[in-house]
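The residues making up each chain are set out below.
2 protein chains.
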Amino acid sequence: MMKKINGVNLGNWLVLEKWMSPALFDGTTAEDEYYLAHQLSPEMFEMRVKIHRSEYITERDFAYIAHMGMNSVRIPIPYFIFGDRPPFVGCIDELDRAFSWAEKYGLFILLDLHTVPMSQNGFDNGGISGVCKWSQMPEEVDFVLDVLERLAQRYGTRKGLLGIQPVNEPLTDAAWDMFDISNRYAPVDPELAKGSAPITLEFLRDFYTKAYDRIRKHMDGDKYVVFHDGFQLHAWKDFFQNGNFHNVILDTHQYLMMAESMGCEQTQEGYLSYIQEYYAKEIAQVQEYVDVICGEWSLFNSLAVGVDTKGGQSVLNGMDFSQQDNRLSDTARKQLYRSIAQAQLDAWNQGSGHYYWNYKLLLNPANDPNWYGWDCWDLGKSVSEGWFPVPRET
Amino acid sequence: MMKKINGVNLGNWLVLEKWMSPALFDGTTAEDEYYLAHQLSPEMFEMRVKIHRSEYITERDFAYIAHMGMNSVRIPIPYFIFGDRPPFVGCIDELDRAFSWAEKYGLFILLDLHTVPMSQNGFDNGGISGVCKWSQMPEEVDFVLDVLERLAQRYGTRKGLLGIQPVNEPLTDAAWDMFDISNRYAPVDPELAKGSAPITLEFLRDFYTKAYDRIRKHMDGDKYVVFHDGFQLHAWKDFFQNGNFHNVILDTHQYLMMAESMGCEQTQEGYLSYIQEYYAKEIAQVQEYVDVICGEWSLFNSLAVGVDTKGGQSVLNGMDFSQQDNRLSDTARKQLYRSIAQAQLDAWNQGSGHYYWNYKLLLNPANDPNWYGWDCWDLGKSVSEGWFPVPRET
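Chains as they are written, first to last, in numbering that gives the first Met the number 0: chain X, 0 to 393; chain B, 0 to 393.
I should point out that these hints are in silico values taken from the structure, not numbers from a laboratory.
Hints are supplied without guarantee of correctness; some may be wrong.
It does not matter which identical chain is meant; a pair holds if it fits inside one copy or across any two.
In silico lysine to aspartate or glutamate, DMTMM-like type, Cα no more than 25 Å apart, as pairs [as the list claims (entries may be wrong)]:
#, residue 1, residue 2
1, Lys209, Asp141
2, Lys216, Asp188
3, Lys49, Asp25
4, Lys216, Glu30
5, Lys3, Glu102
As the structure is a prediction and not an experimental result, all values here were calculated from the model.
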């Protein structure tokens with residue numbers, strides 16, 4: 000690649016996550032966009048998401064991201080972006096506008112298909128918690144390939160396009176247990192969830208190859224196709240070496256809360272040494288045979304929260320963080336964040352760059368101590384707080 | 000005053016202005032919040048404003064404003080803030096949260112009662128265009144005094160309170176003609192508008208004295224009562240010299256588009272000389288007998304738009320700006336904005352400081368050339384664009 004990606008995700012804009020904008024879910028018991036759409040009347044649901052989309056990200060945010068010195072945004076989009084899957088509300092107009100904004104400010108967009116029908120991971124951010132059946136539904140796999148091809152046709156020659164990522168975080172069996180899907184993301188309707196299972200690497204390789212063929216032909220030669228590693232960073236060497244690919248990128252997502260679940264010590268030294276020993280070395284190793292980016296990461300860690308979050312569980316998982324005796328001082332917390340920010344940025348630059356998760360959240364920790372320590376997921380806030388070195392200075 | 004105010008308005012958060020967030024008015028013909036509330040069903044109206052309020056300003060904005068080096072925010076609030084005037088939706092919870100945010104980030108809030116029933120100016124931002132009858136309705140004047148006293152009781156001893164401004168931009172006769180109220184803000188319902196007239200200085204002096212008495216007693220001694228000048232900056236010397244006031248501020252609003260209407264030449268030299276000859280000198284003169292601030296101003300000017308806007312009229316007033324041959328280069332525009340920003344800041348610091356109008360807008364000029372030149376009303380965007388010197392550097 001010509002240049003390191005220095006980017007940020009525009010998560011929760013076109014694909015909702017309750018914890019990031021709780022007011023959107025007010026008056027419902029929905030934990031995800033699927034049930035929000037099913038609990039509200041069609042008019043009310045459409046109104047909520049339309050107002051949200053018109054406010055959450057606008058031209059001024061693209062101006063700010065460019066001003067910070069970043070060069071790219073990764074935009075999570077839903078499978079119903081073209082508006083053909085009621086009761087969900089399409090958002091292609093919003094994405095059209097985003098391309099104008101990106102081009103005005105010299106930013107490049109990575110389109111990330113973040114959800115698919117009946118989900119590829121069972122996460123709340125996959126659209127429907129606790130369900131993971133998409134890969135077993137051939138017509139829905141075909142539907143997704145069509146969506147990807149339509150996206151490539153629409154944007155494949157746009158100056159502001161960096162590339163297209165066929166699917167976000169498909170959950171393969173190694174990670175299924177680590178994320179404890181069955182317990183942490185219990186399905187609302189067990190009947191609907193029946194048959195949910197991890198996605199096989201075999202399916203994924205086949206899907207990625209088909210997706211590549213469907214979109215590559217519509218895109219300018221300098222655009223990329225980006226494959227998520229399915230939480231198996233080292234499973235792709237043969238795939239890339241044997242495949243006949245032009246301009247492809249491997250995307251891995253690395254969160255310290257996952258590192259904690261793998262045994263990383265919850266101290267500053269623990270995080271720094273994990274970042275150097277694992278993140279930096281593994282990224283460098285993979286970069287030998289394919290461009291690799293870290294498409295999602297954050298400053299979030301349990302030490303800064305003051306309690307073991309058990310892999311990033313919040314008050315929404317029944318945790319109570321309102322009374323913590325072990326909180327760091329503001330100064331110590333800032334120092335911790337800055338050091339692990341710099342270490343991680345250094346690690347990602349062993350590869351081809353990164354996208355922070357996330358640009359913006361609507362948290363309110365001043366009034367809700369349960370969210371103390373969670374606002375570092377918000378890049379804008381983290382820069383204002385001095386937790387994250389201003390990108391143009393890094 | 001201890002320190003110059005270096006602040007920004009949080010306009011369009013709790014008091015709507017269509018041009019600043021057009022999506023909120025989608026599907027209606029409403030030009031103001033009054034008709035928006037009357038055209039939508041109560042549920043739909045409440046949903047729109049609630050989602051808007053939850054997204055438009057959040058804790059991260061307070062963090063950013065403090066990070067920029069500002070020390071205060073002026074928050075326009077509506078007369079129905081306590082939720083006792085259906086169909087309008089109260090917003091005292093939002094304001095409570097804002098106080099927590101301000102205190103967390105060391106910012107001070109100036110509460111600005113921006114609207115009153117049947118309006119004090121007939122502007123769209125007074126809540127109902129073309130109507131100006133409040134001062135002729137004694138029960139509504141009493142209602143407003145009650146609202147002010149309740150605000151003082153609730154926030155008068157809060158660390159984060161700078162002061163309370165009893166009413167925004169009451170329109171006295173001198174300005175009634177300049178703003179061309181009857182034509183520029185034509186009423187939807189002429190019957191309802193019948194009897195609209197400018198507010199007299201006599202009424203205003205009496206109302207300000209009553210408001211002062213009602214709120215002063217509930218506030219700590221270091222808090223301020225802030226009076227808008229009714230667009231007559233020099234009409235208040237006797238009032239302050241004869242009145243028995245403690246910690247009061249005179250607030251004047253100065254926009255270059257008004258200066259243009261008064262004959263200011265639409266060139267960089269014209270603006271700079273007007274700012275020095277009028278703004279700076281007059282502010283210095285008034286500061287001799289009362290603390291004076293410029294509570295609203297902006298970079299907006301016709302030269303940067305490329306056409307005479309006739310006092311700041313937009314496409315909403317039937318103007319068409321989509322095809323302009325006279326646009327400045329980006330570099331020249333930036334240089335123009337920066338020079339008139341600095342000159343105006345210098346002028347306001349002849350007094351006790353300023354609040355920029357406005358912190359944020361949701362304009363989309365990349366996709367709608369009719370709004371070219373209007374995004375300088377947005378401080379966040381103006382800083383990102385390099386049009387406005389970062390406040391901490393000024």
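Hints, one by one, checked against the model:
no.: 1; hint: Lys209 <-> Asp141; result: within (10 Å within a copy, 71 Å between copies)
no.: 2; hint: Lys216 <-> Asp188; result: neither (40 Å within a copy, 58 Å between copies)
no.: 3; hint: Lys49 <-> Asp25; result: both (16 Å within a copy, 10 Å between copies)
no.: 4; hint: Lys216 <-> Glu30; result: neither (38 Å within a copy, 47 Å between copies)
no.: 5; hint: Lys3 <-> Glu102; result: within (18 Å within a copy, 39 Å between copies)
In summary, the structure is inconsistent with hints 2, 4 from the numbered list given earlier, while agreeing with the others.
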